[in-house]
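Visitor: Single-letter residue listing:
2 protein chains.
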Amino acid sequence: MAQPSATSLNEAIAQVAADVDALFDELLAVPDDPRQRLFEAMRHAAIGGGKRLRPLLVVASASIFNVARSYAVRAGTAVEAIHVYSLVHDDLPCMDDDDMRRGKPTVHKAFDEATAVLAGDSLHALAFEILADPATHPDPFTRGEMIATLATASGPDGMAGGQMMDLEAEKSNFDLPTVTRLQALKTGALIAASVEIGAILGHVAPEGRTHLRGYARDIGLAFQIVDDIMDVEGDEALAGKALGKDADAGKATFVSLMGLDRAKQQAEMLVEQAISHLASYGHEADLLRAIARYVLERDR
Amino acid sequence: MAQPSATSLNEAIAQVAADVDALFDELLAVPDDPRQRLFEAMRHAAIGGGKRLRPLLVVASASIFNVARSYAVRAGTAVEAIHVYSLVHDDLPCMDDDDMRRGKPTVHKAFDEATAVLAGDSLHALAFEILADPATHPDPFTRGEMIATLATASGPDGMAGGQMMDLEAEKSNFDLPTVTRLQALKTGALIAASVEIGAILGHVAPEGRTHLRGYARDIGLAFQIVDDIMDVEGDEALAGKALGKDADAGKATFVSLMGLDRAKQQAEMLVEQAISHLASYGHEADLLRAIARYVLERDR
Numbered sequence: 001m002a003q004p005s006a007t008s009l010n011e012a013i014a015q016v017a018a019d020v021d022a023l024f025d026e027l028l029a030v031p032d033d034p035r036q037r038l039f040e041a042m043r044h045a046a047i048g049g050g051k052r053l054r055p056l057l058v059v060a061s062a063s064i065f066n067v068a069r070s071y072a073v074r075a076g077t078a079v080e081a082i083h084v085y086s087l088v089h090d091d092l093p094c095m096d097d098d099d100m101r102r103g104k105p106t107v108h109k110a111f112d113e114a115t116a117v118l119a120g121d122s123l124h125a126l127a128f129e130i131l132a133d134p135a136t137h138p139d140p141f142t143r144g145e146m147i148a149t150l151a152t153a154s155g156p157d158g159m160a161g162g163q164m165m166d167l168e169a170e171k172s173n174f175d176l177p178t179v180t181r182l183q184a185l186k187t188g189a190l191i192a193a194s195v196e197i198g199a200i201l202g203h204v205a206p207e208g209r210t211h212l213r214g215y216a217r218d219i220g221l222a223f224q225i226v227d228d229i230m231d232v233e234g235d236e237a238l239a240g241k242a243l244g245k246d247a248d249a250g251k252a253t254f255v256s257l258m259g260l261d262r263a264k265q266q267a268e269m270l271v272e273q274a275i276s277h278l279a280s281y282g283h284e285a286d287l288l289r290a291i292a293r294y295v296l297e298r299d300r
Numbered sequence: 001m002a003q004p005s006a007t008s009l010n011e012a013i014a015q016v017a018a019d020v021d022a023l024f025d026e027l028l029a030v031p032d033d034p035r036q037r038l039f040e041a042m043r044h045a046a047i048g049g050g051k052r053l054r055p056l057l058v059v060a061s062a063s064i065f066n067v068a069r070s071y072a073v074r075a076g077t078a079v080e081a082i083h084v085y086s087l088v089h090d091d092l093p094c095m096d097d098d099d100m101r102r103g104k105p106t107v108h109k110a111f112d113e114a115t116a117v118l119a120g121d122s123l124h125a126l127a128f129e130i131l132a133d134p135a136t137h138p139d140p141f142t143r144g145e146m147i148a149t150l151a152t153a154s155g156p157d158g159m160a161g162g163q164m165m166d167l168e169a170e171k172s173n174f175d176l177p178t179v180t181r182l183q184a185l186k187t188g189a190l191i192a193a194s195v196e197i198g199a200i201l202g203h204v205a206p207e208g209r210t211h212l213r214g215y216a217r218d219i220g221l222a223f224q225i226v227d228d229i230m231d232v233e234g235d236e237a238l239a240g241k242a243l244g245k246d247a248d249a250g251k252a253t254f255v256s257l258m259g260l261d262r263a264k265q266q267a268e269m270l271v272e273q274a275i276s277h278l279a280s281y282g283h284e285a286d287l288l289r290a291i292a293r294y295v296l297e298r299d300r
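Chains C and P supply the protein sequences, listed in that same order.
In case it helps, the working numbering puts the first sequence at residues 1 to 300.
In case it helps, the working numbering puts the second sequence at residues 1 to 300.
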């Protein structure tokens, strides 16, 4: 099977990043009234940062089913809005208390805490505004399915629930199954939702999404294992944020529980397994395959 | 025109409050895992408090069009989840820094700040989970319209935008038009969405909602004027929260800009005007009329 070159993956990443930035820029036009500061904080958080993995996954998954790119970009931007709001709230002093994110000051540092809370809340609402808009897909059933998927993936049974477990991790001694569950919720749920939303846009019935779900589960877990490895081995300048914080906080991670070598092997195994879930697809899934390999190599 | 007795309004309030509590209780069953604290914080915020004005408005508006009560209660609970999340975040130390809410300690006091941020975020997601669920309405188009309405009313062009203006109000000298706009966003948008969602459940086309929108705009403004009056004249024990904070913070309010007497006249005039918007409806709108009068008398 032909593999897309690193160049074509890089092109796909750059194109998705440009499209997401352009859509955020359009949606977050700064009004000439006292809400200016709120929109500026939302723009600071949302525009020009990150590898846009989640929108990339929506686009890659949707492209298997020949979905119009503009739909996938809009839906992907909705998922990214959720991801960005979670970063803004996660960075708050009462949460992880981070000063830098994506190489820039965090929102509460560049603005203030109250503005950061509201900017996060506003990006959260924006995600559902985007998905509920007929421009994101003309079929209301498709929009509704995407909204249900994203709300569940981001709420207490998904991302927010995982963040709560993460807060508890400082006080508890979590074992490997519990850390795996924590990460499946905290980062896995939104990554899985990204792939799922691509299939929803492609009108794939739930029973036809089994392989894609397996793929998403495996890359989500690999992604987090690599994150834990980078937290130990990474370069703060490249990462654009502080590293080593989990270890300092005494939290159990994949690296602390498995050791560096086994963690690396496990991540590689998961990526191979993720790709094997795509065996029933041809070249149309090559971008998803390239993304799986990229998860191992990203500098985030 | 016969008016519903105070008793029937009180019965409607009690019934809606019981239904909303029962639904939150069902949706927020505490899991036996490390997310327990998150669900307990959500329950602390969501269950057993407030007059449930927004669900009451959804139920009253929907009842004009003979909508099944269970749909209206579910949709109303979604609006209430948004309202409750906004209270949890608003009470945070970096925002209004309040210790008491609805006669109980605020979430960050009863739990901690990080849990309050996550509980608010989780209630935010829950609102859209409820609306996207076919149990809330079998027609996906109706669900999508409710979701778009709620997302817009709660985001930067609605409630969150109004909260940002409210933060700026401490630094600026807002005039009456600006304070009116602030309140139209901060509390008016969600009140208007409640009435609108009742009409959406009733399959009323947008052009048929003009009178209801006029009603909602007027009671929303009256509600906030009464709030400002109570902030000066109210009883903290009855209100279940600290009062007089706006005046202390030097914020312009309807009372500071108009004086107490004119503010009271204005609120009464708006309630009469709200009721006059319902002239084309018969007894089926009596509950909405009773709610308008109640806005003047509530102890919140």
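Just so you know, the hints here were simulated from the structure itself, not pulled from any lab data.
In this text, a Cβ means the ideal position worked out from N, Cα and C, and glycines have one as well.
There's no promise every hint is true.
[To be verified] Derived lysine-lysine pairs resembling BS3-like cross-links, with alpha carbons at most 25 angstroms apart:
hint, chain 1, residue 1, chain 2, residue 2
1, P, K104, P, K171
2, C, K109, P, K171
3, P, K109, C, K171
4, P, K51, P, K264
[Stated by the list, open to error] Over 12 angstroms on every C-beta distance to chain C, these chain P residues come out as not near it, computed from the model:
hint, residue
5, A22
6, P31
7, G103
8, D112
9, A153
10, G244
11, M258
12, Y281
Visitor: Next, verify each hint and record whether it holds.
Guide: Do the hints match the structure? See the list:
1. P/K104 with P/K171: It is violated: about 30 angstroms lies between the C-alpha atoms, which goes past 25 angstroms.
2. C/K109 with P/K171: Roughly 19 angstroms between the alpha carbons, so the hint for C/K109 and P/K171 holds.
3. P/K109 with C/K171: holds (19 angstroms)
4. P/K51 with P/K264: Given that 25 angstroms is the threshold and the Cα spacing comes to 21 angstroms, the pair holds.
5. A22: holds (19 angstroms)
6. P31: About 8 angstroms separates P/P31 from the closest Cβ of chain C, which leaves it inside 12 angstroms; violated.
7. G103: holds (24 angstroms)
8. D112: Nearest chain C Cβ is 7 angstroms from P/D112, so the label is violated.
9. A153: Its Cβ does come within 12 angstroms of chain C, the nearest being 9 angstroms, so this is violated.
10. G244: holds (20 angstroms)
11. M258: With a cut-off of 12 angstroms, P/M258 remains clear of chain C, as the shortest Cβ separation is near 20 angstroms.
12. Y281: Label holds. Min Cβ-Cβ 28 angstroms, cutoff 12 angstroms.
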